[in-house]
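Peer 1: Construct the complete structure from the given sequences, taking the supplied hints into account.
Those protein sequence lines, which keep their order, are chains V and D.
Taking the UniProt record's numbering, I'd label the letters of the first sequence as residues 1 to 239.
Taking the UniProt record's numbering, I'd label the letters of the second sequence as residues 1 to 556.
It is worth saying that the hints were derived from the structure and are not from the lab.
Careful, some of the hints might be misleading.
Simulated crosslink set (DSBU-like; lysine-lysine; CA at most 30 Å straight-line) [to be verified]:
| # | chain 1 | residue 1 | chain 2 | residue 2 |
| --- | --- | --- | --- | --- |
| 1 | D | 452 | D | 336 |
| 2 | V | 29 | V | 125 |
| 3 | D | 132 | V | 125 |
| 4 | D | 15 | D | 336 |
| 5 | D | 15 | D | 155 |
| 6 | D | 285 | D | 155 |
| 7 | D | 155 | V | 125 |
| 8 | D | 15 | D | 452 |
| 9 | D | 126 | V | 125 |
| 10 | V | 29 | D | 93 |
| 11 | D | 126 | D | 93 |
| 12 | D | 126 | D | 160 |
Incomplete in silico selection of chain V near chain D, CB under 8 Å [what the hints assert, rightly or not]:
| # | residue |
| --- | --- |
| 13 | 39 |
| 14 | 40 |
| 15 | 49 |
| 16 | 50 |
| 17 | 53 |
| 18 | 70 |
| 19 | 164 |
| 20 | 167 |
| 21 | 217 |
| 22 | 222 |
Just some of the chain D residues that point at chain V, by a computed CB distance under 7 Å [what the hints assert, rightly or not]:
| # | residue |
| --- | --- |
| 23 | 81 |
| 24 | 83 |
| 25 | 90 |
| 26 | 97 |
| 27 | 146 |
| 28 | 191 |
| 29 | 192 |
| 30 | 195 |
| 31 | 217 |
| 32 | 232 |
| 33 | 237 |
| 34 | 238 |
| 35 | 295 |
| 36 | 296 |
For every residue, glycine included, the Cβ atom is placed at its ideal position computed from N, Cα and C.
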Amino acid sequence: MNVLLFVVVPYVALTVFVAGHVWRYRYDKFGWTTRSSQLYERRLLRIGSPLFHFGILLVALGHVGGLLVPESWTDAAGVSEDAYHVVAVGLGTLAGFCTLAGAAILVYRRRTVGPVFSATTRNDKIMYVLLIGTILLGLGTTVLGNLTDHPHDYRLTVSPWFRSIFTLDPRTDLILQAPIGFRLHALSAWLLFAFWPFSRLVHVFSAPLGYLTRPYIVYRSRDEQMGSRATRRGWERVQ
Amino acid sequence: MRVMAQMAMVMNLDKCIGCHTCSVTCKQAWTNRTGVEYVWFNNVETRPGQGYPRRYEDQETWRGGWTLNRRGRLTLKGGGRFRKLLTIFSNPKLPAIQDYYEPWTYDYETLTNAPLQEHTPVARPKSLLSGKDMAVTWSANWDDNLGGSPDHGDKDVLLKGIADKVKFEFEQTFMFYLPRICEHCLNPSCAASCPSGAIYKRAEDGIVLVDQDRCRGWRMCVSGCPYKKVYFNHRTGKAEKCTFCFPRIEVGIPTVCSETCVGRLRYIGLMLYDADKVLDAASTKDDHDLYEAQRQVFLDPNDPAVIAAAEQAGIPRDWIEAAQRSPVYALINTFKVALPLHPEYRTMPMVWYIPPLSPVVDVVRDTGYDAEDRGNLFAAIEALRIPVDYLAQLFTAGDPAPVDAVLRRLAAMRSYMRDLNMGRDADETIPAAVGMSGEQIYDMYRLLALAKYDERYVIPPAHAEQAHSLEELATECSLDYEGGPGMGGSGPFGEMSGTPTPIAVENFHMLRDRQTTDTIVDPGDKARRVNLLNWDGKGRPEGLFPPRREDGEDKP
Ligand code: SF4
Ligand code: SF4
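Peer 2: Written as structure tokens, this is what we have:
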């Protein structure tokens, strides 16, 4: 059972995540979009969307730090576990609450603004449940963990387990030492990752950083693509 | 010198009767789909009026186009690259649907299935966005023919300086129609605002297009275009804009709006221009000089040096010849009667306008004087400052001199040609008064009044060796894409996801689906019907006719 949950699920999710994106990109470039609903309503979006997005960017950064940087490294850099913990929990909780507040505003908006509601697909609803579920579990674990007993040092359990997945030597024993909240959070995150390529979340990977460096006006020749769609593989023109 | 070719258009506003045929045919061809119900790639506004979307010309609010920064360098008015990325989660300058209008349909079904009752049932307006009842309060041409202008006519952005002088009273008013499409600018700020780099200018013919596969729906182009001619498709989540009907242009036929224009007032032709000079011209300091600066960017297609450079740049021979015969070039540079729309936005627009003389003529005629007499007309152009100032706000960033000159040339043509038509001797002092020769006036008259189809539209086709892939020819089977026929409609990721379907197939499926559903708004993951206004008379939308009899006979 534990092997299933903490070995099989991650690998399946990762495979689906990577393959799904490749497949979606090739099959469905046209559907790859943010599907913004700003046109319908902008007052609530104005507050909710930046709150959510900047929040989640911070959260993502925090996770990269917490999961990928081993505790031994920060120790070596002279940062004590307590200091690290205070900063991480402080920032993490703040970012988490921003994210959650943003998400709450956005969900409220989805439900109450008529046009936005009728533009919500089933796919979106699944995505919302997974995404917000994951955020809630994560935030809940952090906050409750710190309120009750002395906090769990996830950097000795969850993080090494996470890294071990990528070194193809999954250490289920480590994750099993973590409290239930962490395990649930991890599981729902894997589910989210597996669903990711099929949802509108793909827009994360189009963050347009190239805009900072490219020339303003783009010229393209007609010859590159004729007609309204790309030529099918194997049917390219012979020069 | 870097010679490039640009497909351009000129519209002669004197002949526009405001019939909206161009808008309707364009909509039928390109934006009859769900998600773009509110979109008019071609729209016709009555001026003075607010335009579509409402007050789009107020760049202090919308911040579209370019501006010069303190160091005199050209920058996007909406802010630079960093600012764009920081505001990407909620674009602060995006018009809301209410600034365009909320699209609606009518609940026609109640007309046929309401129970017998004392009062006639009515078809209520239903929002196409939410499916709920709605009160219709605005549309793409709500203030058509100055409708309602005593109430909101003063909201016209261009009236800011002269509002107290323009009276919206019946006897004193003036108006004309302004058909608008995307300007296919030489310096498009929509493309410059696109974070993904999905909007591009075609190197061959200068048509500005959105790559639907690369657009990610960031909406910055909508804010960036000062003419508000990029639209957000709220179903597919992608930006869409006027394509200058490129599938038609590529095979040498004019755009749908031009082809169907009742007044035959549109001209299409090539312009050769020097791409190296565009940035300098767009950075001209004084707004008033922008018109002249843009004219200087154009190259004379008869100049041997230009021809040589064009050939070197790989512009085919027949294209150069087409540029020499271009009616657009003649109107802009030879006769100098065409002016750009809002040059002060600094995007170097390429759809130009011949300003209307009719507001002036009308006034002269109403006062009982001879409206074709040169003296009367010239005097009226002098006296009627308000229409002239208004036109100057539109076409020359407020400088009345070029507008004056154009109107005088048009007035001169009127009186000169009247003498000829009446069999009188030509009065050569008339052309001389506007710095033209009698022959030039006659040529201009021919082009403006008589020009036939092939003189109004000089469109060299894209090259034959490429022709088999052009959309309009469709020598490839149009069903040969992955998924095969039946793909039209919705993929698993929302409307029209998956490989785009050829336009013809898409329209077919859409019309069929639309006519066979019976809800007003379907849930987001299904295609939905749009409205009866789009019904083309074919097929049987459910609820419109009583059901067929079982035995298959179709008697009433
Ligand atoms: S008018 Fe057309 S080309 Fe010019 S900025 Fe707007 S959308 Fe772009
Ligand atoms: S079809 Fe021609 S005459 Fe009619 S509104 Fe359009 S531009 Fe004007």
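Peer 1: Look at each hint and say if it fits the structure.
Peer 2: Verification of the hints:
no.: 1; hint: 452(D) <-> 336(D); in the structure: 21 Å, holds
no.: 2; hint: 29(V) <-> 125(V); in the structure: 22 Å, holds
no.: 3; hint: 132(D) <-> 125(V); in the structure: 22 Å, holds
no.: 4; hint: 15(D) <-> 336(D); in the structure: 18 Å, holds
no.: 5; hint: 15(D) <-> 155(D); in the structure: 26 Å, holds
no.: 6; hint: 285(D) <-> 155(D); in the structure: 29 Å, holds
no.: 7; hint: 155(D) <-> 125(V); in the structure: 42 Å, violated
no.: 8; hint: 15(D) <-> 452(D); in the structure: 15 Å, holds
no.: 9; hint: 126(D) <-> 125(V); in the structure: 25 Å, holds
no.: 10; hint: 29(V) <-> 93(D); in the structure: 27 Å, holds
no.: 11; hint: 126(D) <-> 93(D); in the structure: 28 Å, holds
no.: 12; hint: 126(D) <-> 160(D); in the structure: 36 Å, violated
no.: 13; hint: 39; in the structure: 5 Å, holds
no.: 14; hint: 40; in the structure: 6 Å, holds
no.: 15; hint: 49; in the structure: 4 Å, holds
no.: 16; hint: 50; in the structure: 5 Å, holds
no.: 17; hint: 53; in the structure: 4 Å, holds
no.: 18; hint: 70; in the structure: 32 Å, violated
no.: 19; hint: 164; in the structure: 34 Å, violated
no.: 20; hint: 167; in the structure: 34 Å, violated
no.: 21; hint: 217; in the structure: 5 Å, holds
no.: 22; hint: 222; in the structure: 5 Å, holds
no.: 23; hint: 81; in the structure: 5 Å, holds
no.: 24; hint: 83; in the structure: 11 Å, violated
no.: 25; hint: 90; in the structure: 4 Å, holds
no.: 26; hint: 97; in the structure: 5 Å, holds
no.: 27; hint: 146; in the structure: 29 Å, violated
no.: 28; hint: 191; in the structure: 5 Å, holds
no.: 29; hint: 192; in the structure: 4 Å, holds
no.: 30; hint: 195; in the structure: 3 Å, holds
no.: 31; hint: 217; in the structure: 4 Å, holds
no.: 32; hint: 232; in the structure: 5 Å, holds
no.: 33; hint: 237; in the structure: 3 Å, holds
no.: 34; hint: 238; in the structure: 6 Å, holds
no.: 35; hint: 295; in the structure: 20 Å, violated
no.: 36; hint: 296; in the structure: 19 Å, violated
The structure does not agree with the numbered hints 7, 12, 18, 19, 20, 24, 27, 35 and 36 stated previously, though it agrees with the rest.
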